[in-house]
Each structure stands twice: as structure tokens, then as C-alpha cells.
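**Student:** Residue numbers (numbering that gives the first Met the number 0), protein chains in the order written: chain A, 0 to 224; chain V, 0 to 231; chain S, 0 to 36; chain Y, 0 to 246.
Among the hints, a few may not be true.
What the hints assert, rightly or not - Cβ-Cβ distance ranges computed for the label pairs, FRET-style:
1. A212(A) to T174(V): 38 to 44 Å
2. G132(A) to D30(Y): 30 to 36 Å
3. W220(A) to A141(Y): 37 to 43 Å
4. G36(V) to A212(A): 53 to 59 Å
5. R5(A) to A236(Y): 46 to 52 Å
6. A212(A) to A122(Y): 43 to 49 Å
7. M129(V) to G42(A): 24 to 30 Å
8. R129(Y) to R20(A): 18 to 24 Å
9. D176(V) to V15(S): 54 to 60 Å
10. A141(Y) to G201(A): 35 to 41 Å
11. Q233(Y) to L153(V): 56 to 62 Å
12. L153(V) to R32(S): 35 to 41 Å
As the list claims (entries may be wrong) - Here are a few chain A residues that sit away from chain Y, every Cβ distance over 12 Å (derived from the structure):
13. L10
14. I17
15. A19
16. L27
17. V37
18. F64
19. A84
20. L86
21. A89
22. P90
23. F122
24. Q133
25. R190
Keep in mind that the hints were calculated from the coordinates and are not lab data. Even for Gly, the Cβ is constructed at its ideal location relative to N, Cα and C.
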Amino acid sequence: MTRTLRQIALLVAKDLRIEARTRQTLGLVTVLGILIVVVLGLGLGAQQGGVGHRATAVLWVAYLFAGVLCFEKTMSVERHDGALAGLLVAPVDRGTIYAAKLISNLVMMLAVALVVTPAGVVFFGFDLSAAPGQFALVIGLSMLGFAAVGTLFAALVSSSRLAGGLLALVVFPLTLPVVIASTQIMLGIFRDGQDLGGMALGVLGAFDVVFLAASWVMFEWVLEP
Amino acid sequence: MNRRAVLQLAYWVVTAASFVGAALLVAFATPNERTMGVVQKIFYLHLPAAINTFLACGLVFIASAGYLWQRKTWWDDLAAASAKVAVLLCSIVLLTGMIWGRSAWGTWWTWSPRLTFSLVLWLLYVVYLMVRASIESEQRRAVVSAVYGIVAFLDVPLVYLSAKLLEDIHPSSITLDGSMQLALAAWFLPVTLAAGGLIAARYALNRAQRQRSGSAAPEPRGFPVRLVGDAI
Amino acid sequence: MTPSQYTLMAYGVGVVLIWGYALVLFLSGRASRRRRG
Amino acid sequence: MSVALAHPASTIAADVTQAVSARELGVRFDDRAVLQDITLDIAAGQYVALVGANGAGKSTFLRVLATLLPAGDGEVRLFGQDLARAGPRVRGKIGLIGHQTMLYRDLTVRENLEFFGRLYGIADPSGRARLLMDAVGLPHRADDPVKSLSRGMGQRVAIARALMHSPDLLLADEPFAGLDIASALALEELLGHFHHKGRTIVLVNHDIGQSLRLAQRVLVLRGGRLVTDRPTSQCDAQSIAARIIGP
Numbered sequence: 000m001t002r003t004l005r006q007i008a009l010l011v012a013k014d015l016r017i018e019a020r021t022r023q024t025l026g027l028v029t030v031l032g033i034l035i036v037v038v039l040g041l042g043l044g045a046q047q048g049g050v051g052h053r054a055t056a057v058l059w060v061a062y063l064f065a066g067v068l069c070f071e072k073t074m075s076v077e078r079h080d081g082a083l084a085g086l087l088v089a090p091v092d093r094g095t096i097y098a099a100k101l102i103s104n105l106v107m108m109l110a111v112a113l114v115v116t117p118a119g120v121v122f123f124g125f126d127l128s129a130a131p132g133q134f135a136l137v138i139g140l141s142m143l144g145f146a147a148v149g150t151l152f153a154a155l156v157s158s159s160r161l162a163g164g165l166l167a168l169v170v171f172p173l174t175l176p177v178v179i180a181s182t183q184i185m186l187g188i189f190r191d192g193q194d195l196g197g198m199a200l201g202v203l204g205a206f207d208v209v210f211l212a213a214s215w216v217m218f219e220w221v222l223e224p
Numbered sequence: 000m001n002r003r004a005v006l007q008l009a010y011w012v013v014t015a016a017s018f019v020g021a022a023l024l025v026a027f028a029t030p031n032e033r034t035m036g037v038v039q040k041i042f043y044l045h046l047p048a049a050i051n052t053f054l055a056c057g058l059v060f061i062a063s064a065g066y067l068w069q070r071k072t073w074w075d076d077l078a079a080a081s082a083k084v085a086v087l088l089c090s091i092v093l094l095t096g097m098i099w100g101r102s103a104w105g106t107w108w109t110w111s112p113r114l115t116f117s118l119v120l121w122l123l124y125v126v127y128l129m130v131r132a133s134i135e136s137e138q139r140r141a142v143v144s145a146v147y148g149i150v151a152f153l154d155v156p157l158v159y160l161s162a163k164l165l166e167d168i169h170p171s172s173i174t175l176d177g178s179m180q181l182a183l184a185a186w187f188l189p190v191t192l193a194a195g196g197l198i199a200a201r202y203a204l205n206r207a208q209r210q211r212s213g214s215a216a217p218e219p220r221g222f223p224v225r226l227v228g229d230a231i
Numbered sequence: 000m001t002p003s004q005y006t007l008m009a010y011g012v013g014v015v016l017i018w019g020y021a022l023v024l025f026l027s028g029r030a031s032r033r034r035r036g
Numbered sequence: 000m001s002v003a004l005a006h007p008a009s010t011i012a013a014d015v016t017q018a019v020s021a022r023e024l025g026v027r028f029d030d031r032a033v034l035q036d037i038t039l040d041i042a043a044g045q046y047v048a049l050v051g052a053n054g055a056g057k058s059t060f061l062r063v064l065a066t067l068l069p070a071g072d073g074e075v076r077l078f079g080q081d082l083a084r085a086g087p088r089v090r091g092k093i094g095l096i097g098h099q100t101m102l103y104r105d106l107t108v109r110e111n112l113e114f115f116g117r118l119y120g121i122a123d124p125s126g127r128a129r130l131l132m133d134a135v136g137l138p139h140r141a142d143d144p145v146k147s148l149s150r151g152m153g154q155r156v157a158i159a160r161a162l163m164h165s166p167d168l169l170l171a172d173e174p175f176a177g178l179d180i181a182s183a184l185a186l187e188e189l190l191g192h193f194h195h196k197g198r199t200i201v202l203v204n205h206d207i208g209q210s211l212r213l214a215q216r217v218l219v220l221r222g223g224r225l226v227t228d229r230p231t232s233q234c235d236a237q238s239i240a241a242r243i244i245g246p
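With the rest of the complex left out, here is chain A (with noise of 0.2 Å):
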């Protein structure tokens, strides 16, 4: 087992350490994530007040785009120069790689949350502070289901000429539940003012829970070289 874990470790640093050095991604995928917010604030009027509660949807909207491009991007990362066969090849096991690529998808989705969020609190004037330990669960159950999803289709689906396009376009109405589920329990906490919905919070874990689980196996069966 700790042998796992080293090779995970391994892995995820070798990932980072990619990300550090060409630090593009990161850079785009986070303007990209405050340009989402910038302009629905505007579209939805958010200078008008009082439409707080709204930036959970907004802030939904820039981290699912954002998620995507990470994962096209730590996959790529692989594709390049065939990479990803020198790594078949040595004694690691698929699922070890799958969980490697699903951290540092995750790092990379929190690297780009903790600018995004700030400005969806700034620009939507949205009262973060009313419940943030919440929030931040509900944002990091969200986020496990959504990276568990895409992290499986990335491996499938090549960056060719549709590169994030095709990877969007299917991870997206297959997190929809995610999506439902989180934003209800944020209308319920920030503009209702209840407490955590227990029902709610059960979707978002048997999502979790399914989908690594799905994930976990076929990323076996369908990761060939």
C-alpha cells in the first residue's frame, strides 16, 4: 500500500512540477474563470444588488469550464512524445495513475477557485461569509464527482481539433446532477437562509461515490497505450 501511495505521490508531483514549469494553463484557465464571472455579473445585473445569492450558479459556471481545460491539459501532458507508455509500461498500475491524474486535477481546480471565488464575491457582492464552511463542502464534494468524470474522459478523449470541445461537451450533462444538487443546496443556504439539506447532500455523495467507483474501473479497461 505505501508503495501506492509513493507512486501517487510521484506522480502528482511530476504533474505539478510540469504545471510550475510551463505555468500557462494555469494563468489562462484562472483569467478565463474571472472573465466568466465579469461578464454574467453583468449580464445578470449584478450591479444592482442584491443578486448575491446568484454568484454560486456564476462561480459554477467559470470552475466546470475551468475544470475542463485542466484536465485536457494534465492528460496532454502525457500525450506528448508518448509519455504515457513509458508510464504503461513501468510496474505502476492503471488505477494508480487514475488517482495521480484525479489530485492533481483537483490541485489545479482549487488553484483556480481560490482566485475565481474572491472575484465572485467582489463583483456580485455575494455574502461568502454567511456560511463558508459550507460552501467550501458543498464546492469540494461538487468538484471530487466533477474531476472524477472528467479525469476518465480526458484520458479518452485525445486533444485533437476539438481539444476541451469534446471534453466539455460529454462531462458536462453527465455531471448535471452535480450541478442540480449543489446549486439547490447553495439557493437553500444563501438566499433561503436554511441549513444544509440532508437529501441534497446525499445526491452529491452517491454521485461522488458511483463515479469514482465507474471511473476507477474502466479507467483499467479503457486506458490502452
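Chain A is already provided as a structure; the job is to place chains V, S and Y on it using the hints.
**Tutor:** Just chains V, S and Y, lined up with the frame of chain A:
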């Protein structure tokens, strides 16, 4: 007309007859529902179409799992055929639901759990067809579609659950008396026969087109490892 | 439109979609058989 | 160029069991047979060249040996271990090089080598990386990103990567493709050294003359079948070319 064509013809004649029979039964021999009135009669088409949509989605799931397991192309053709029919049936569910809503509540669209569920289901499998259309290499398309087919089906209960989170402004659970249940059963038969027949026909067409193109996946020329999805 | 018109419209949509697609499949089936035949 | 390709501590004489033994190996893609009942044995320490026309199944065969592709039917054993069951365990003994370098272009040469060294769990990855960078003649490029290297240098780093865990079997899929003369000669020499250490090499190659010159034994694949298996001393380029094209 060889034996197979005769059988096919007989199948479709029976399906057509059961369509006509069910229509007559609902039009003349089924009473209107007290609270909802005549528009409730849409239900006799709406529910069978929904159930068959679910069966077709299940078939996509089974065929997708079959392809991943055996990598035989006929599984892939079956998945494609079932998905097309699933989208067709789901369109019926969605449209009849909207028409019903229009008549009963005056608006074409409400974010009620049932309508949202049908819409997301419809989106899931329309995207399946679009994914298939956007991948050229047969073997790559089959693998990506298979994984999508499996994940989409696992998604269905979750979509149902998350849709229930939406407030349902029009709770309308109606009880069906004897003759109404007869009408429901009467409509279940033709819709199921049609669904099965369409899937079979589409499947046969897929097989024929594959034989004619005969372009089995070429042996990957040489290493390097051309990665997953290179020809998309 | 009256409710019964809406009901007819709903059934119309159902029948058109199912039988329309059946016709499309029948025609393209015949076309591909003739091309191959 | 001092060459220390073998891991200092490992034994030179690999165990006597066959490096590679295949029995009626077959692979199908969408109902089309790409490889059909291949039966052969490669003893440990042999230098074997695999030639054939495009689409004859050379790369597929190599990818099965590299455990990247499961064998459809039949059975394949590496060093006595059946790939179907012991695939991941036997990977530690395989080194793979191909057209592409299979390295991370944004990382430096040293970072790449040390990453793969740690991935294989070898002792002292940085020491061995330094050793191999000297061996392939690139100590001066250790801290440059791989993408800044020429194709020839990239192939040399790829060889260093494949040897980090001192494999007993080196699989090479057309590694000479696109190489300039100097790099090709350097690569030939490196493969030669590797072979002198008693290791086994399976080289997939287009250039028949070069294959006959380098290898001890040549296998010809045609239409997914093994049509020729002969020591290179007993054949010449014309006869092999004829076998490739076939009747």
C-alpha cells in the same frame, strides 16, 4: 419475398394494428379523468414511452459493457441503435410532457422534477449520439461511446434524485380506475413493439453499413504509441 | 387551443415520430440493399 | 566513452529460461486478425531483429511483449512468467524505446531519468541517472529541458531512461527512424553494449541491411504470420526482402 421479409412485415402490421386499437380504445372507451379532464389522456402515451426510453437506455448500457468486455463490433452497433431509439422515445416523453403542461398550466416549460428529469435524460443521450458522430476511427469511437454509455446509465438514478430536489409546484398524482389501466396497458403494447422493431431495424442497418465499409481498424502502424483518441 | 386539441397534438407527435423513423429506416434499408444487391 | 550500462550489482548471466516464448499467439482488431498463431522462443542474451512490411504486425507483437496490449489468443511468457497473469510483475524486467522518446518534454533530462528511476523503485536514482547520462554522452545537457534536445539526443536519453532499472529485455520499435547518421551510429553502439552485457534485445526495424548487420537472428512477419526465423549469418538482404514481400 423471403421468409425474413414476411416476418418483418407481419411484425409491423401487428404493431400498426395495436396502435390503431389502442387509439380507438382511448378515444372512445376511456373516461376523462375528473380533475385533469381530457388532457390527462396524454398519460397513456407518455408513460409507456418513458418506460421504453428507460429500457432502451438499459440496452445501451448492456451493449456498451458487452463491447468493453468482448470488443466485438456488433455490441457497438447494438448500442448505437438503442441510443438512437432512446433519444426518439425520450423526445416523445419530453414533448408530450410539455404539451400536457401547456394545456394544464398554460406554460410550455416549468422546472418541475419530472420535466427536468426528461430533459436531462434527453440531453445525456443526444450528447451520446454527438460523441459518436465526432469520432472517425471506428475502434476509438466504439470505446469512447461504450464508456459514455455506461456512465450515462449510471447517471440516470442520480439525475432522478437530483431533479426531485427542485420544488414541484404542480404535484399531480392521479389514480387510474379499471378502464384507465386497460388503456394504459393497451398503449404499452404498441409502443414497446415499435421500440423493439426500430432498434432491430437500426441495428440491421448498422451491421450492413459496417460490412459494406468493411474498414476494420487498421493495425496501428508502428510504435510510437499513438495515444487513446488520436483520430478524433 | 382546447385541451382535446392538445391531446390530439400530443398523440400526433408520438405517432409521427415513431412511424416517421420506421419509414426512414425502411427506405434507407432498401437503398443500402439496392447498393449492395 | 566509458560504458557502464549494467547495474553494478546485478548478475550478468540472466537466468537460463527463455527471455520470450510465445505459443499460438494471436491478436484481433475488430474481428480482423492482426497476428496469427505466432510460436517462437528467444533465449536470454539473443539479439533478434523483427522485420516486415507495414501492417504485418511487427509493432503489435512488440506491444504485446511490452504488456501494453493483451494477447487475444494463445500464450506469451517473459522469463517464464505468463503475461496474462503476471503482466505487471514482469514489467520491471522490460525496457522500451520507440519512435518517440516517451519523456516529459517540459522536464529536464535529469528530472526525467530520476522520475522513472523512482517510479521503478531503484536504489540511488540520481546516482544511476548521472551514470547513464555519461554513458549516452549527454552529461552536459543534464539540466536542459528535453524539448530543447535534437531528435538524436532525445533517442539517447530515451535509451538511458529504458536502462534506468537495468532491464533484462530491451524492446526497440524502429528507434532509428528519423535519426541522423551520427546519432544512428551512437544508438547502434549503445545497443551493442547492452547486448554484450548478456541482455536480450528485440529490435523492430525497416532497414533490412542494418538489421542483418546488428542482430544474430532475424524474424520476418507477413500478414500477421511468422514466415521466417533464421540466424542472420545464413541469409542476405535480397532473400529476406523476398520473404517480406512474399509469393
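**Student:** For each hint, tell me whether it holds in the structure or not.
**Tutor:** Status of the hints after comparison with the structure:
1. Distance hint for A212(A) and T174(V): a CB-CB separation of about 39 Å, consistent with the stated range 38 to 44 Å.
2. With their beta carbons about 56 Å apart, G132(A) and D30(Y) fall outside the hinted range of 30 to 36 Å.
3. A C-beta distance of roughly 39 Å is found between W220(A) and A141(Y), which places it inside the suggested range of 37 to 43 Å.
4. One distance hint, 53 to 59 Å for the beta-carbon pair G36(V) and A212(A), is violated here, with the actual separation near 47 Å.
5. With their beta carbons about 49 Å apart, R5(A) and A236(Y) fall inside the hinted range of 46 to 52 Å.
6. Between A212(A) and A122(Y), the C-beta spacing of about 36 Å breaks the proposed range 43 to 49 Å.
7. A hinted range of 24 to 30 Å holds for the C-beta pair M129(V) and G42(A), which are about 26 Å apart.
8. For R129(Y) and R20(A), the Cβ-Cβ distance of about 21 Å falls inside the hinted range of 18 to 24 Å, so the restraint holds.
9. Under the hint 54 to 60 Å, the C-beta atoms of D176(V) and V15(S), about 30 Å apart, miss the expected range.
10. At about 54 Å, the CB distance of A141(Y) to G201(A) disagrees with the hint of 35 to 41 Å.
11. Between Q233(Y) and L153(V) the Cβ separation comes to about 59 Å, which falls inside the hinted range of 56 to 62 Å.
12. Checked against the given bound of 35 to 41 Å, the beta carbons of L153(V) and R32(S), roughly 38 Å apart, stay inside it.
13. For L10(A), the shortest C-beta to C-beta distance to chain Y comes to about 8 Å, within the 12 Å cut-off, and the non-interface label is violated.
14. Consistency note on I17(A): stated as away from chain Y, yet its beta-carbon is not over 12 Å from all of that chain's, at 5 Å minimum.
15. Not every beta carbon of chain Y lies more than 12 Å from that of A19(A), the smallest distance being close to 10 Å; the non-interface claim is violated.
16. Distance check for L27(A) against chain Y: the nearest CB is about 16 Å away, which clears 12 Å, and the non-interface claim stands.
17. Non-interface call for V37(A) relative to chain Y: holds, since the shortest CB-CB distance, roughly 31 Å, exceeds 12 Å.
18. Residue placement check: F64(A) keeps its beta carbon more than 12 Å from all beta carbons of chain Y (closest about 24 Å).
19. Against chain Y, the non-interface label of A84(A) is violated: not every CB pair exceeds 12 Å, the least being about 5 Å.
20. The claim that L86(A) lies off the interface is violated: its Cβ sits roughly 8 Å from the closest Cβ of chain Y, which falls inside the 12 Å cut-off.
21. Listed as a non-interface residue, A89(A) fails to keep its Cβ farther than 12 Å from every Cβ of chain Y; the least gap is roughly 5 Å.
22. The claim that P90(A) is not at the interface with chain Y is violated, since a C-beta of that chain comes within 12 Å of its own (minimum 4 Å).
23. For F122(A), the shortest C-beta to C-beta distance to chain Y comes to about 34 Å, beyond the 12 Å cut-off, and the non-interface label holds.
24. Even its closest Cβ contact with chain Y, about 39 Å, leaves Q133(A) beyond 12 Å, as expected for a residue assigned away from the interface.
25. With a least CB separation of 45 Å from chain Y, R190(A) remains clear of the 12 Å interface cut-off, as annotated.
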